[in-house]
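Student: Just need the whole structure built from these sequences, with the hints factored in.
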Amino acid sequence: MISTFLRLIDRIFPPKSIYAHCDIPCGIYDPHLAQVAAHTVIRMTNMIKSLEASSENPDFEERKKTISQISRLTAVKEEHAELVKHEIRILWGDYFKPVFVKEYPNLHELVSETMRLASTSKQELDEQAANNLLESVQKIAEVFWKTKGVDTVKVKTTYPSEKEIVVPKQTE
Amino acid sequence: MEPLIKEGQGVLINRLAYLFSQPKVSDIVALNAPNIPNKLLLKRVEKVLKNNKYIVVGINKVDSTDSRKFGWVSSKDILGKIWLKY
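Chains as they are written, first to last, in our numbering: chain E, 214 to 385; chain U, 1150 to 1235.
None of these hints come from the bench; they were simulated from the model. Every residue gets a Cβ at the ideal spot worked out from N, C-alpha and C, and that includes glycine. Don't take every hint at face value.
Restraint ranges, calculated between C-beta atoms of paired labels, are given here [unchecked claim]:
{"no.": "1", "chain 1": "E", "residue 1": "336", "chain 2": "U", "residue 2": "1234", "range": "55 to 61 angstroms"}
{"no.": "2", "chain 1": "E", "residue 1": "295", "chain 2": "U", "residue 2": "1189", "range": "37 to 43 angstroms"}
{"no.": "3", "chain 1": "E", "residue 1": "299", "chain 2": "U", "residue 2": "1156", "range": "33 to 39 angstroms"}
{"no.": "4", "chain 1": "E", "residue 1": "279", "chain 2": "U", "residue 2": "1188", "range": "55 to 61 angstroms"}
Below, in silico cross-link-like pairs of lysine-lysine (DSS-like), each with a Cα-Cα straight-line distance of 30 angstroms or less [to be verified]:
{"no.": "5", "chain 1": "U", "residue 1": "1202", "chain 2": "E", "residue 2": "359"}
{"no.": "6", "chain 1": "E", "residue 1": "310", "chain 2": "U", "residue 2": "1218"}
{"no.": "7", "chain 1": "E", "residue 1": "298", "chain 2": "U", "residue 2": "1230"}
{"no.": "8", "chain 1": "U", "residue 1": "1225", "chain 2": "E", "residue 2": "352"}
{"no.": "9", "chain 1": "E", "residue 1": "367", "chain 2": "U", "residue 2": "1234"}
{"no.": "10", "chain 1": "E", "residue 1": "359", "chain 2": "U", "residue 2": "1199"}
{"no.": "11", "chain 1": "E", "residue 1": "361", "chain 2": "E", "residue 2": "315"}
{"no.": "12", "chain 1": "E", "residue 1": "359", "chain 2": "U", "residue 2": "1225"}
{"no.": "13", "chain 1": "E", "residue 1": "229", "chain 2": "U", "residue 2": "1202"}
{"no.": "14", "chain 1": "E", "residue 1": "382", "chain 2": "U", "residue 2": "1173"}
{"no.": "15", "chain 1": "U", "residue 1": "1234", "chain 2": "E", "residue 2": "359"}
{"no.": "16", "chain 1": "E", "residue 1": "352", "chain 2": "U", "residue 2": "1218"}
{"no.": "17", "chain 1": "U", "residue 1": "1218", "chain 2": "E", "residue 2": "315"}
{"no.": "18", "chain 1": "U", "residue 1": "1225", "chain 2": "E", "residue 2": "382"}
{"no.": "19", "chain 1": "E", "residue 1": "229", "chain 2": "U", "residue 2": "1234"}
{"no.": "20", "chain 1": "E", "residue 1": "229", "chain 2": "U", "residue 2": "1218"}
{"no.": "21", "chain 1": "U", "residue 1": "1225", "chain 2": "E", "residue 2": "315"}
{"no.": "22", "chain 1": "U", "residue 1": "1230", "chain 2": "E", "residue 2": "229"}
{"no.": "23", "chain 1": "U", "residue 1": "1188", "chain 2": "E", "residue 2": "382"}
{"no.": "24", "chain 1": "U", "residue 1": "1173", "chain 2": "E", "residue 2": "310"}
{"no.": "25", "chain 1": "E", "residue 1": "382", "chain 2": "E", "residue 2": "298"}
{"no.": "26", "chain 1": "U", "residue 1": "1188", "chain 2": "E", "residue 2": "315"}
{"no.": "27", "chain 1": "U", "residue 1": "1196", "chain 2": "E", "residue 2": "315"}
{"no.": "28", "chain 1": "E", "residue 1": "382", "chain 2": "U", "residue 2": "1202"}
{"no.": "29", "chain 1": "E", "residue 1": "359", "chain 2": "U", "residue 2": "1173"}
{"no.": "30", "chain 1": "E", "residue 1": "382", "chain 2": "U", "residue 2": "1199"}
{"no.": "31", "chain 1": "U", "residue 1": "1202", "chain 2": "E", "residue 2": "310"}
{"no.": "32", "chain 1": "U", "residue 1": "1173", "chain 2": "U", "residue 2": "1234"}
{"no.": "33", "chain 1": "E", "residue 1": "310", "chain 2": "U", "residue 2": "1188"}
{"no.": "34", "chain 1": "U", "residue 1": "1199", "chain 2": "E", "residue 2": "352"}
{"no.": "35", "chain 1": "U", "residue 1": "1196", "chain 2": "E", "residue 2": "310"}
{"no.": "36", "chain 1": "U", "residue 1": "1225", "chain 2": "U", "residue 2": "1202"}
{"no.": "37", "chain 1": "E", "residue 1": "359", "chain 2": "U", "residue 2": "1196"}
{"no.": "38", "chain 1": "E", "residue 1": "315", "chain 2": "U", "residue 2": "1173"}
{"no.": "39", "chain 1": "E", "residue 1": "229", "chain 2": "U", "residue 2": "1196"}
{"no.": "40", "chain 1": "E", "residue 1": "367", "chain 2": "U", "residue 2": "1199"}
Tutor: Written out as structure tokens, the structure is:
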């Protein structure tokens, strides 16, 4: 009876549509990959820096081997610095909305700083920049989880970079 | 939100429900879709955060665009509570 009455009202005054279903089943965002990539940048930077020649004037074979190693390590370093930028761009462009920027006013600067540090890590062999890059990505990860109402914790990784990673805090 | 609400069903929203109180966990609420003007969503309150912020999710979590995608919503975006469906 009420239903019929309300349907009749709807015919006279068409109601506004309300959506209970999604547009695209997505919602898969996670700053984890950016952090792992930043760890890789640190590791590659350290590995290049630790390369040493056997003598002041190494032979041609050793030079070839070292050049090859540096080329490979540099390629991976640059690839992962770019991966950090890619992942952060996705969070910035698709996930973070204006209200989050209002809530976390340093977010804009944080993203911008991360981009700059990733570029420096690509261009140079700068251990400090690589470490700062990871710290900056970790701060973004903390903000990301806060916007979801999830507490975070920094845990020591088993990666050779020997640094930490920000993960959601496990609740009992 | 199926099977709770089927496509094409009408819902009546009580816009006075949160005049003197705040949404609670499990309330089915109508809200403005973040970043999409003039689009309304119907979601369930999953978590109440500090400072009048809420985590809202669809009942069919696999198929829902909700706080897992757009993060928390503020109380000013929540328009009211579902009252009856028809």
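Student: Which numbered hints are broken by the structure, listed smallest first?
Tutor: 7, 9, 15, 23
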